[in-house]
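Asks: Given the coordinates of chain C, work out where chains G, S and X with the ligands should sit on it, guided by the hints.
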Amino acid sequence: MECYSLKQSDVPALIDHLGAYGEVIAPHRKGDVSYSFEPVKDSEKVVLEYNRTLLPLKKCFLPPTEKLMDFSLKDMSYKPTEVPIKPAVYFGIHSYEMQSILRLDHSMLSGKAESNYFNRRKKSRFIGVSFSPDEYHFSESVGISIEEMEGFDLYLNKVSDDYQLYIISDKGKDLLKGFDKLIQAEPIHVEGREFNKKIRYHYNRLPRVFQYAYHSKVWAEVAERCVGCGSCNLTCPTCFCFDVNDQVEVTAEDGMRRRSWDSCMLSTFAEVAGGENFREHTLNRTRHRLYRKFKYITDEEGLPWCVGCGRCTAFCPADISMVDIINDLIREDEKAQFHKTVRV
Amino acid sequence: MKPKVAFFDFTSCEGCQLNKLNLENDLLDILKHVEIVEFREAMDDKADAYDIAFIEGSISSPSCVERIHDIRRRSKILVALGSCAVNGGVNAMKNLQPIDEVRETVYGEDKYLFATLPAMSVSSIVKVDYEVRGCPMTQQDFLKLLVSLVLGKQAPRYDSPVCVECKLSENECLYNRGMVCLGPITRGGCDAICPSFGQFCTGCRGLLDEPNYIGMLEVMTNHGISLDEAKKRMLLFNSNEVQL
Amino acid sequence: MSQDLNIKVHHLTRVEGHGNIVVNMKDGVLEKAHLSIVEPPRFFEAMMKGRSFHEAAIITSRICGICSLGHQITSLVATEDALGLEISEQTELLRKLLVNGATLQSNVLHAYFLAAPDFLKVGSVFPLIATHKDVVLRALRMKRLANDIGDIVSGRAVHPITPVPGGFTRIPEKSELVELKRRLLEEALPDGIATIETMKSLAGAIPQFERETEYISLKHPDEYALYQGDIFSSDSGAQDVHNYLDVTNEFIVDHSTSKHARFNRSSYFVGALARWNNNHTQLVPEALEAAEAMGLKPNCYNPYMNTIAQVVEAVHVIFDSVRIIDTLLEKGLKNEKPNQTPTRYGRGIGSNEVPRGILFHDYTYDKKGSIVEANCIIPTGQNLANIDDDMKKLVPEIIAKSKEEITADLEMLVRAYDPCISCSVHMLDVDFIE
Amino acid sequence: MKRLQEVKSNEALDLYYPTMCEIVDAKQLTDLEKWYELKLPGGQDLGHEPGQFVEVSAFGIGEAPISISSSPSKEGSFELCIRQVGTLTKVLKRYEKGDTLGIRGPFGKGYPIEKMYGKDILIVAGGIGLVPLRSLINFVLDNRQEFGRLIILYGAKNPSELLFTDELDVWQRRDDVELHVTVDQGDPSWEGNTGVITTLIPELDLNLNKTIAAITGPPIMYKFVVMSLKSKQLPDSHIYLSLERRMKCGVGKCGHCQINGVYCCQEGPVFNYVDIKPLEEAL
Ligand SMILES: Cc1cc2nc3c(=O)[nH]c(=O)nc-3n(C[C@H](O)[C@H](O)[C@H](O)COP(=O)(O)OP(=O)(O)OC[C@H]3O[C@@H](n4cnc5c(N)ncnc54)[C@H](O)[C@@H]3O)c2cc1C
Ligand code: SF4
Ligand code: SF4
Ligand code: SF4
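Protein chains in written order, with the working numbering: chain C, 1126 to 1469; chain G, 223 to 466; chain S, 11 to 444; chain X, 498 to 780.
So that you can see chain C by itself, here it is in the shape it has in the complex:
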C-alpha cells in the first residue's frame, strides 16, 4: 500500500483538490457539542477530529425524507423523481461508518436492488480518517478496528500532528492526480488509541447468546427506562426501515409521495389494520432492535449488523447503552450455563 505524509495545514488544499471530482461531503461542527456531514463550502471549516456525527453518512444515500414522485389528482398521473448519478467524495469518514455503508449496500441492493439508492451510491468515493474512541465507541468489539480500510479509496491516519495518507484503491489514486503536497513515507503504527467500551465476548459468540436471550428479563429492565423516542434507530447507520406517505397540496390537485425514515421502536411500527399490534410493548420493540443488530441478519451474513458507532447510546436521552445490554445478556447467559453445569 502506498503511504505518504500529509501536513495538517495541507488538508484544506486536499479537500479543494478533491472538489474537482465532485461535491465533497465532510464533517462540520453543528450545535454546541455535535458534528454533522455537510457539503463543503469552505474547506477550512471541515473538522477532522470529531467523535461522531449526529446523523450517519447513510443520510446521503437514503435521505431522511425523499420524494418518490409527484402526482396529479386531476388525471391520476405521476412523474417519478429522477435520481441522477452524481460523483461525490465523502471525506473524513470513520472506519465504522464505512462499514455501515457496506452493510447498507447489502440491505438496499440484495434481493431487488433499488435504483434510488444505487444511483446515489454509484459514483461515491470515500476518504477515511482515524479517530480516538470516546466513551461510546465500541466498534472493535464488533470486529471493526480504527484502521479498518475496507471500502475506502484513501485513508488518513493521524500521526502526532500530521497525517499519513494511504492509497487504497485505483480510484483513490486517480483522485490524487495532480495533487503535489504529498511526500512518500513509511507507515507508522499509532499507539494508544484504546476503546473504552467493550462487549465482553467476541462477536462470533453473540448469536449464541442471543439464541437463548429471547425471554431474558433484561428486556423488561430496559423497557422500564426506555421512553420510546426512537432516537436509537433514527441515528443508527445500519437501520434502513422507512415509511411512505402521500401529501396533497392545498389546491387538492397535486401532491407528492414521500418516504421517510421510520423506527421499529415506535409503537405503531408493527400495527396492522384492525388494531392488532405485533410488537405491542416497548419490551418487544427493544428486543427486536437488538435482534436485528446481532441475530437475524447476522445469522445469514455472518457479521454483526451493528458497527459500534455508539450513536444509539450517545443520543439516547435515557442513557440506555447497547454495550451494557449485551453485557447484561452475557452475564445472564453465563449464570444460566453455570446453573446447568452445577445441576449436572
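By construction, these hints were calculated from the structure, which means they are not laboratory data.
Only a predicted model underlies this, so the values are computations on that prediction, with no experimental measurement involved.
Incorrect hints may appear among the rest.
[Stated by the list, open to error] Take a look, some chain C residues computed to stay more than 12 angstroms from chain G by CB distance:
hint: 1; residue: Pro-1137
hint: 2; residue: Lys-1211
hint: 3; residue: Lys-1298
[To be verified] Between beta-carbon pairs, the in silico distance windows are:
hint: 4; chain 1: G; residue 1: Leu-466; chain 2: X; residue 2: Glu-688; range: 41 to 47 angstroms
hint: 5; chain 1: C; residue 1: Thr-1376; chain 2: X; residue 2: Pro-538; range: 23 to 29 angstroms
hint: 6; chain 1: G; residue 1: Gln-465; chain 2: C; residue 2: Glu-1346; range: 18 to 24 angstroms
hint: 7; chain 1: G; residue 1: Pro-284; chain 2: S; residue 2: Ile-139; range: 37 to 43 angstroms
hint: 8; chain 1: X; residue 1: Gln-669; chain 2: G; residue 2: Tyr-380; range: 43 to 49 angstroms
hint: 9; chain 1: C; residue 1: Gly-1427; chain 2: G; residue 2: Leu-466; range: 44 to 50 angstroms
hint: 10; chain 1: X; residue 1: Val-693; chain 2: G; residue 2: Gly-446; range: 55 to 61 angstroms
hint: 11; chain 1: C; residue 1: His-1406; chain 2: X; residue 2: Gly-645; range: 42 to 48 angstroms
hint: 12; chain 1: C; residue 1: Glu-1426; chain 2: S; residue 2: Glu-197; range: 56 to 62 angstroms
hint: 13; chain 1: S; residue 1: Asn-253; chain 2: G; residue 2: Pro-320; range: 32 to 38 angstroms
hint: 14; chain 1: G; residue 1: Pro-320; chain 2: X; residue 2: Val-693; range: 52 to 58 angstroms
hint: 15; chain 1: S; residue 1: Ser-98; chain 2: G; residue 2: Gly-446; range: 44 to 50 angstroms
hint: 16; chain 1: S; residue 1: Pro-137; chain 2: G; residue 2: Tyr-380; range: 32 to 38 angstroms
No residue lacks a Cβ here, since even glycine has one placed at the ideal position from N, Cα and C.
Replies: Chains G, S and X with the ligands alone, transformed into the frame defined by chain C:
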C-alpha cells in the same frame, strides 16, 4: 357544493384563529374548496348548519357547555383545533389547584361571587371527529386536515414522538446540551419546531398514547431538575392528560 | 327619533374575544352605555404560581395569541428585572425587531381585516376578495412579511419560541436578515405607501367625533417608544414603570368581567392614538408625512382615528426595522447564549407598548426562581372605561340616526380601539346584566 | 454480503412506481367489502400465483397490500376485494368502474401449487381470508382433475358478512366441492351452521397423508385452527398460512412486515407452518 365551514372560539387565546388568518399564502386556495360561513373573529355572518365546524378553546363555563352541544347538533364534522380544545391546554393548569384557592388568588375576598368549571377538552363534552394539535395549532396540520376532508380521506392519528422529527432534522438533542425536553413523550407532527429553534419542547401537542411517565421523569431528573419541577414541566400543557 | 333606545350587540364580531355592547336610553336619559366583557375567566395569575422562570413567558404568551409576542417580551423583561439578568445589546435589538414585526402584523390585520369592512360597509374581508382583490392581496402580503419577521427571528409568529429570559435560543442567520431587509424595502415599503392611499380614500367614512381625554403611553428619550421607556401621561407627565400601580388604579365595575382603570380622570386612552399624541415627534419623517396625508394631526381627540394612527405606525416600523437590521449586520451577529444565571430574587416589572397600548407584567420570584406572585395589566382593560365614556358622549350626539346606524357607529367605535378581549379577561369574572 | 460492484446498472430497479390500471367493474359485496376487476394497460396478464398480493395505490391517499382474488387462469383482468378499514381502503369505496388505480406487484410467495397437485385441498377461510383463498379455489376448480378433494371451510361473523355469495351457491351445488359455511352469530333467516370455524374441523374426515391445508383469516383464528388440525394429526408440514403484516414497500426494504428475522412480503405472505412455528412473533 363547497362544504360549509365555520369556526368557533371558546376559552382560549385565539392564537389558533390568528394562525388561520396568517395563512396568507394559502387563504385564497382554501376558499376555492370551502365556503366559510361563520368566523366571528373575521366576519359578521352567521349560519344555521355546518359541514365542518372547527372548535378552538376549552370548555370552562356552563354557557360554554350549552353552546358546544348546540354547535355539535348543527355540524356534520366537528374538529378540535389547538391544545385548549384538544385536551384543555394551559387552561387546565387551573384544574390542578383546588378551585377555591384559584379563585382566592385572583379575586381575593370576592371569590364566591363567580361560577367556574374546570377547563375541559371539547371531547369531554361532545364527540370530536378530528383533532389538530399544538399550541398554537400549526398551519400545515390544519391545511393537511382540511385537504384530507376535502378528499374524503380519514386522517390517521399520528402517534410518534417529537424526537422523530427532531432527528430527521438532524438537530443536536437538547439533552446533549444540558437542557430538559419533553420531546420523547410528546406527540409529534410539528417538525420539532421548538428544538429546531434551540428551545425545549413544552409538550404542547399532548402526550403519546402510552407515554412512559416514570422513564421520562427519570430522564428529566437525571438531567438536573428536581422531581417536583419535572412533574410541573410535564403538566404545563397536559394537566388533564398526565396520569401519575 | 324616539326617546327610548335599546341596543344589545351579543358577541361583537371582528374583535378578538367575546364582548357585548349594551346601550339603554329611556325618556331621553342615557341609562347605560358600555362594552361588557363576557369571556370566561382564565386565571393566569393563579396558574403562574410556583412556576419556574423558564416557563413564565411560555405561559403568559398564552394569555393572548394576538398579542403573544407583546406578552412574551414583557414577561421576559419582568423576569429579567426580578432576577437581575443582564441582556446584551444584540438581544435588545432583536427584541425591538420582533416588536416592530408584531406591531406591523397587528396594525395591518386591524386596519384591513377588521376596520376596513366597516368603512366599506360590508360584513367581513371575504366579500372584498371579489371587489378589491388587489387590496386584499396587498394586505395578505404585508401580513405575511410581518409574520415572517416573527417566524425568522422568533421561530413562530404566534407564541414565539426563541425569546427566553436573558436572550435568544437561536440567533437568526445573516442571510435571513439580509433577505428580510430586502423584502422590507422592496415589498413592504411600496405596499405601505399604497396602504396610505387606500386609507386616504376611505377617510371619508370615519365619523367626526371628538372627546379629549388623558392619553397614556410609554416614552423613551431616544426613540418612538415601543420597547421599554417611562410611563407618560398627557395630563401629568412621566413616571417610572415601577410605579405603574399608581397609574392604573384598577377597579371593578358590575357590567364587565374585566377590571377598568383610571388615573387623573375617570378614564384614559392607551394605544396607537395615545402613542401618536405623546410621541409623534419621534416618528420617522416618512411616517409623519403619511399622517399628514391621511389627515392625522398631533393631539387628535377622535378615537376613530386610532386606526389611522396604526397605519402611521406601520410605516414607521418598516423604516425602523430596516435601521435595526442595518445595525445588527454592521455589528456582526454573535452566537450568544441566553444569560440565565440569576443575580438576585424578588420583584420585577416589565412594560412595553403592544399594538393595543401599554402592557405591564409584574412578578415576584422566590429563591428557587419560582413565581410567588404575578400580576398583568392589559391595554384593553385600561381602555374599557374610556370606551364607556366615549359611548356616553357619542350616543346623545347621534341619537337622531336610526337604531341600525347607531349600532353600526358604536360597533365601529369599539373596533377602532382594536380591543383584545382575550387579554382583558386574564383574571376577572363578574356577573353581567343580560 | 451483497456488494455494490456486483450490481449491474440495469439490475437496479424503480421499485416504487405503480402501473396505472383501469377498473373495468366494481361491486359492493357487503357493507364493508367491495370487489374490483382491474385491467393492466393493453390487457396484459398480471402473471401471479394464488396467494400473492399487489400494492394498490390511490394518489393522495396512499398504498396498501391487497391479495389478488382471481385465479391466474382468468385472462385479461384480475380481481381484488377490499375491506374498508382505514385511510386508503375507506376512500377506495368511492372508486368505480372507469376510475384508475395504481398497482405494483405481484409480490410475495403464494401457495405451493407444485406441491398441491394430486392432493386433497382443505381451505380454511375466516372472514376476509376468503379473498386470497378464492384465487386458489378457482385455480383448483379450473384445473379440477389435477387435484383430489376440495374441502372449503368458510366462517364469517354473521350472514350479512359472507363474501362472494353467488360463488358460494355455485360451489355448494357442485358435487366435487365440499363446502361448509358457518357464522359466529346467525340471524332469523340463517339455516346453516352457527359457531366459530374451528367447530367444523372435528367432523372432517381427512386423508392425512394426502391433505394440504391452506388457512387465512384474522390473526387470532390461526392458533385455534392450527390446534384443531394438529389434534386431527395433520402433519405440520401440510399446513400453509397466509399472514398479514403492515407493509410499506412490498419488496423487502421498509422493514414493517418483519416477523422476527423473516420478511413477510418476501418469504410470505404464505408460509408453511413448519417455517413459522419457531418464530415467536408469527402467530
Ligand atoms: C399480504 C396482505 C394481503 C392483504 N389482502 C387484503 C385483501 O385482499 N383485502 C383487504 O381488504 N385487505 C387486505 N389486507 C389488509 C390491508 O392491507 C389493510 O386493511 C390495509 O393496509 C389498510 O390500509 P388503510 O390505509 O385503509 O388503513 P390505515 O389507515 O393505514 O390503517 C392501518 C393501521 O393504522 C391503524 N389506524 C388507522 N386509523 C387509526 C386511528 N384513528 N387510530 C389508531 N390507529 C389507526 C390501523 O389500526 C391499522 O393498524 C392484506 C394485507 C396483507 C399484508
Ligand atoms: S446499533 Fe447503535 S452502535 Fe450499533 S451501529 Fe446502530 S447506532 Fe451504532
Ligand atoms: S431535543 Fe428533545 S425532541 Fe429533540 S431528540 Fe432531544 S429530547 Fe427528543
Ligand atoms: S416541539 Fe413541543 S412545544 Fe414545540 S410545537 Fe412541537 S410539541 Fe409543541
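Asks: Against the structure, test the hints numbered earlier, and report the numbers of the ones violated in rising order.
Replies: 4 and 15
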